[in-house]
Amino acid sequence: MPLYLNEDQQMLHDSAAEFMKGEAPVAHLREFRDRQCKDGFSHALWKQFAEMGFTGIMIGEDEGGLGLGHIEAGTVLEEIGRNLTPSPFLTTAVAGVEALNAGGKTLRDKYFPGILAGETVLGLAIDEGAKHRPDQIGMAATREGNGFKLDGKKQFVVQGGSADMLIVAARTSGAAGDDKGLTLFAVDANAAGVSRDSARLVDSAMAAHVQFDGVTVDADAVIGEVDDGDTVLRRLLNAGRAGAAAETLGVGAGSMDITVDYIKGRKQFGELIGSFQALQHRMAHLYSEMEIARAAVLKAQQMLDEGSSQAELMVSVAKAKAGRATALSVKEGVQMHGGVGMTDEYDIGLYMKRDRALQEFMGDANYHTNLVAEMHGY
Amino acid sequence: MPLYLNEDQQMLHDSAAEFMKGEAPVAHLREFRDRQCKDGFSHALWKQFAEMGFTGIMIGEDEGGLGLGHIEAGTVLEEIGRNLTPSPFLTTAVAGVEALNAGGKTLRDKYFPGILAGETVLGLAIDEGAKHRPDQIGMAATREGNGFKLDGKKQFVVQGGSADMLIVAARTSGAAGDDKGLTLFAVDANAAGVSRDSARLVDSAMAAHVQFDGVTVDADAVIGEVDDGDTVLRRLLNAGRAGAAAETLGVGAGSMDITVDYIKGRKQFGELIGSFQALQHRMAHLYSEMEIARAAVLKAQQMLDEGSSQAELMVSVAKAKAGRATALSVKEGVQMHGGVGMTDEYDIGLYMKRDRALQEFMGDANYHTNLVAEMHGY
Amino acid sequence: MSDLETFRAETAAWLEANCPPEMREPMTGEEDAVWGGRNATFKPGQKEWLDVMAAKGWTVPDWPKEYGGGGLSRAETKILGQEMARLKCRSPLSSFGIWMLGPALLHFGTEAQKKHFLPPIARGEIRWCQGYSEPGSGSDLASLQTSAVDKGDHFLINGQKIWTSYADKADWIFCLTRTDKNEKHKGISFMLFDMASEGVTTKPIVLISGQSAFCETFFDDVKVPKEYGEGVSSVVYEVNKGWDVAKYLLGHERSMISGGGSEGATSLGAKFADQVGRDEMGRLDDPMLRAQMAEMDIEVLAFRAMAERFGDTFKAGLCHPAQPNMMKYAGTEINKRRHELIMAAGGSEVLEWESDASNGGMTARSWLRTKANSIEGGTSEVMLNVISKQILRLPGA
Amino acid sequence: MSDLETFRAETAAWLEANCPPEMREPMTGEEDAVWGGRNATFKPGQKEWLDVMAAKGWTVPDWPKEYGGGGLSRAETKILGQEMARLKCRSPLSSFGIWMLGPALLHFGTEAQKKHFLPPIARGEIRWCQGYSEPGSGSDLASLQTSAVDKGDHFLINGQKIWTSYADKADWIFCLTRTDKNEKHKGISFMLFDMASEGVTTKPIVLISGQSAFCETFFDDVKVPKEYGEGVSSVVYEVNKGWDVAKYLLGHERSMISGGGSEGATSLGAKFADQVGRDEMGRLDDPMLRAQMAEMDIEVLAFRAMAERFGDTFKAGLCHPAQPNMMKYAGTEINKRRHELIMAAGGSEVLEWESDASNGGMTARSWLRTKANSIEGGTSEVMLNVISKQILRLPGA
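As they're listed, the protein sequences go chains A, B, C and D.
Mapped onto the working numbering, the consecutive letters of the first sequence carry residue numbers 1 to 378.
Mapped onto the working numbering, the consecutive letters of the second sequence carry residue numbers 1 to 378.
Mapped onto the working numbering, the consecutive letters of the third sequence carry residue numbers 1 to 397.
Mapped onto the working numbering, the consecutive letters of the fourth sequence carry residue numbers 1 to 397.
Chain A extracted, bound-state conformation (with noise of 0.2 Å):
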């Protein structure tokens, strides 16, 4: 398959592409944060997203979705991120609807509904330190009847707080740091023994501190196998990643945009600054490392459509160059900006902020660099 997208795609690229400028430009951003809304997200705009069809991307056709992909998906989170629109949209429609893909008919009858009618809300339970560790995972779910209970806290829940339900990942047996023992479970956010404590983060988004205490769950919560939860996970996580990349590719090539046309407009010294040679090369070299991780997102996706072994590989490798080509975009923008950049007033310290807050959402690019030596064998 060649690496750009085809004309399906592209139309579905188009259309979300205008649906964000329209309904949820970074004006839309602002005024959620600014009437500090508890939620950090519209949930008018989360039904128009299912309207639009975007909820369903990568719920099957025959259960009332498109049956698309991890590309698909793709062009909408580019979108969000390049307008920087607050939604559930990745951990709902992206990385929750892959997990349920890998789990049962029951989960995925009770979930899909709400998702594609853009009700539904759901949160990922993983962390539970402040980086990114699922192999460290080491919550708690003791059998007890013909379920479980879960005791233990998870952090960095983002849109935790909203969420209808949650997808906790927790330990049915060995230890923290074993590979084997993890088990998923879709968790009501509303049963007893949750309690979720809500912060906002700084890109405006809400987060949750998530504590369960003695939290019950029949066994029809196991998303996949008891004991197997690595499978799901990996799903999850996979879909996740990507998705994050491509979220965060857009937020660094909107602040690329925004910086270029800034300074296309700005005079200095009797001349356009955009026409001094040291800018120059430093936005150029910026477009390069932009197109190459492009590039790298979308052979990740397209690696994880095709279900090539070697998807893991490239998602980290997407993951990780999206987030130091994104980071330098958004530290170019905001230096480039000059004084305004530092001012609230201008959207480009926006996109600093969503950048630092996706640069951690499932894994940074450290993280991930890592991983790819590891996956390497050294």
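Hints listed in this document are in silico derivations from the structure and should not be mistaken for laboratory results.
Since the structure is predicted, the reported quantities are computational estimates derived from the model, not experimental observations.
Hints are not guaranteed to be accurate.
Unchecked claim - Below, in silico cross-link-like pairs of lysine to aspartate or glutamate (EDC-like), each with a Cα-Cα straight-line distance of 16 Å or less: (1) C/47 x C/125; (2) B/38 x D/230; (3) D/184 x B/61; (4) D/389 x A/261; (5) C/203 x A/344; (6) A/38 x C/354; (7) C/184 x A/271; (8) C/203 x A/345; (9) C/203 x C/168; (10) A/331 x C/168; (11) C/151 x C/221.
Since the structure of chain A is provided, determine the placement of chains B, C and D on it from the hints.
Below, chains B, C and D alone, put in the same frame as chain A:
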């Protein structure tokens, strides 16, 4: 003490600069290279070094030297670096003398007169692998009669082929990786059982692989104490590393200077390429890096001279920073010279080659950066 | 005992006797700084400490006595600083008047101007702000457009300034204005006027890191008298020669900012290793972050040596006059990278912006604030231009 | 069976039957390449393979038959390449005539020029070299000064070229000359002449990596006839329009060089871990080098995806026309960094320059050679200029 050269040090620096430029500029290196000189340096020049007093800088006044320190040796080394002068100064008059200073009078009386006369050359037989790993020395020195028998192999013994005496680090107890158990020996390079195989390096210096097959030395050959070679080795390494950092600094400064000169004279597109802002910013950044490296090197030398307990940390900082800054200098130098920078006719490529060899000498920037992390306990 | 030793002993005794105990506690935040001015508010001990120090002239110990200073020699001033540091006495007064305007007036002012303006600065009675940058004039400051039109006995000021720190709290402003539209550098004047004048309004600027001391300041037909008394011109130096004053102060400012990289220069790796976690070998358990932190250790320790060398060569007059530009460039760039690593070490916890756990997003706000380091006081790009032209002598474009 | 399937089967059978066994061994070095020309020397099998391929026109399979080509369609050419790769047949002929001059003549040449010059190229009878750069004209190629003065029936050439690969071995040269001193780009002509002409001398260039194929070439009153026969002008396109031809070829060249970064793109860390050593956790035992190699894995794998995307979008006509500049820039810069890491992994062993152990300093020479990647075929700086102007549309200075 203020962090700049005092009047005496400045005078020494000026005389070293004048001497190197007059007697051993880059053309001198080319001459010795092109005639395939098997020693890689001029013995006549080494005598001139002695006449200038350079070889005695670190030898005590009561033993016929100048009784000066690392700063003074560094002024000479910087000019050696700037002129790419081939000489055994660093191995013999700096690292070698410093090791002998840590040993007994018998050895000093034996070797100092020859060094002061510019007749004796010392080789440092420390490394056993392709990378500098002094904590991994495994070569055996077994007790035999009143002395020791040495067996093993040493690598990257710069000027080892023309050395009169080799300072050899070997194990009298313990195993590779142990803190204690090393002993340093002064071994006649022509002793029975010593075989030397020299190869020309990228920078035209000669380095030997030295094989020791049952080489017997008596107890007088021990520098310092048996099993406490670490103490002597540290002094040797600190002197060698700070010295190599100073020489590296000279290489970087020389490379920067000829590049600045080149871009001030080379025209393309009807303008001096030195007027292009992109090159100006890169050179200004390089200047900044070189200045910082210079401060770090001087600080390390000063701390060694003062006997500071933090000197070793700063020596690693200096070797790493000078290494990185100079690597940047030669890289920018070749690139800004363009095509002619790739030709043997221009000097810039020779700076790149010398930098490469100096990077490896007594630990590259990666090695020392890692050491700094370890010294900081993480 | 030498004179200086006597001075040290007496100073120490005086400080012990006169510094209120509250003023010997460590400062806990920006609000502990005393800025003085017409509308000054004081916490316990602050006013007493300011007054007693001002009475001795020790808010500005090295200024001449006739202008409210202490008349101390350079050596005595240094000793005073050392003793204050040793006894943990807080600075009695923070002031742009002391840091910026004072040096300019001492260098360029007339005798009458010095007598008029300097003593109230020394006593903390008048709080000053700086009116330099404009929305269209950042790096190219000399392109400023705020006009001052000569109306006989006064100038009429119209225009807008930006980045005027604490303009909303200042009493007076030292301000660059355009007095000749046909010249660039030679059409600028350095003017002093009251922020309470009719037509002056200010508006605080919200930064990406949150609230800030910065303001936009607007001048709408502001009348500035030509004289505030006999020989007390509102213009420092001469009309159309304000750029000379500004340049003098910019150099002053740059050498003040350049220390950035050495601030809090302990090893980040040592600081964060336990928090991030350690691997089986005891190393910080994020090999890439460890590598970056080790590189940062090198950068910080080397830059600290550079700062020492810069200080020593500067004092000895051995330093290139453009060297502060190099220090400013390198110091601010290192500091930005350092804060990136702090954010990476903190992970999702330091992403929180408003929680108690994150202390109101303090780490993230500090990180964002560092992004201004390489912009304020001359951008990194301007610093590099200066280095390439003035130090490397590269040809003009 | 479709026509193409038939073609594939027949081609494979023909190759099996006609390719000498020696020509199906892997090449062991540069000296295994066949360059042809008047003074060609051949190893066993080389001449046979060249002649039999040339007879079918398959040294240049996609050129028209009347010019010595195979007349194959694009699809057929691709199949021939695939079958040759599958059967491990070596390329029968390496030639700047095929790679550079051929495309230029096919695009700009007259019918007579094509008939005259192309067939001997296809048969490997005439070996060409390229005369572009001059000592004073590198990045600014159009400033070239080698003069061609119109003397009625011939041009008189004087000047000097540099970086003429294999000039000492070439029979003819395609050469940019200045035919109008009053114009820059519009005063350049693209000329063809015999290197055996009186007044042509060459001198090999020694690089920092050692001997090289590059030469300096000097023209001292070289007479170049205006015609080599009826309608066979020595000038391609028109006099003073040589820059159009050169630009066409430069674009061609850049897209050829850009592959650099993906060459030998296995993980350096995986390759060198055992050699450098492993720590207790099985990691490459040089934590900083490991971090750099992991970064390089990311760079190389991402660039490989980029190369694939570039190829795909290029073929589909979806790629920005200036994109080869970005590929050339990124690929060459990555390759340089990659070789720095190889040197660091090799340590003192690869510093050896002339020893047997180091295979004559092969690693070090390769490392040094990569430094030219970002200079030849357009410097990185020129690439960045082009990207900023043609892709980002940033304003001119």
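Hints and how they fare:
no., hint, result
1, C/47 x C/125, "11 Å, holds"
2, B/38 x D/230, "62 Å, violated"
3, D/184 x B/61, "69 Å, violated"
4, D/389 x A/261, "14 Å, holds"
5, C/203 x A/344, "14 Å, holds"
6, A/38 x C/354, "12 Å, holds"
7, C/184 x A/271, "15 Å, holds"
8, C/203 x A/345, "13 Å, holds"
9, C/203 x C/168, "7 Å, holds"
10, A/331 x C/168, "30 Å, violated"
11, C/151 x C/221, "12 Å, holds"
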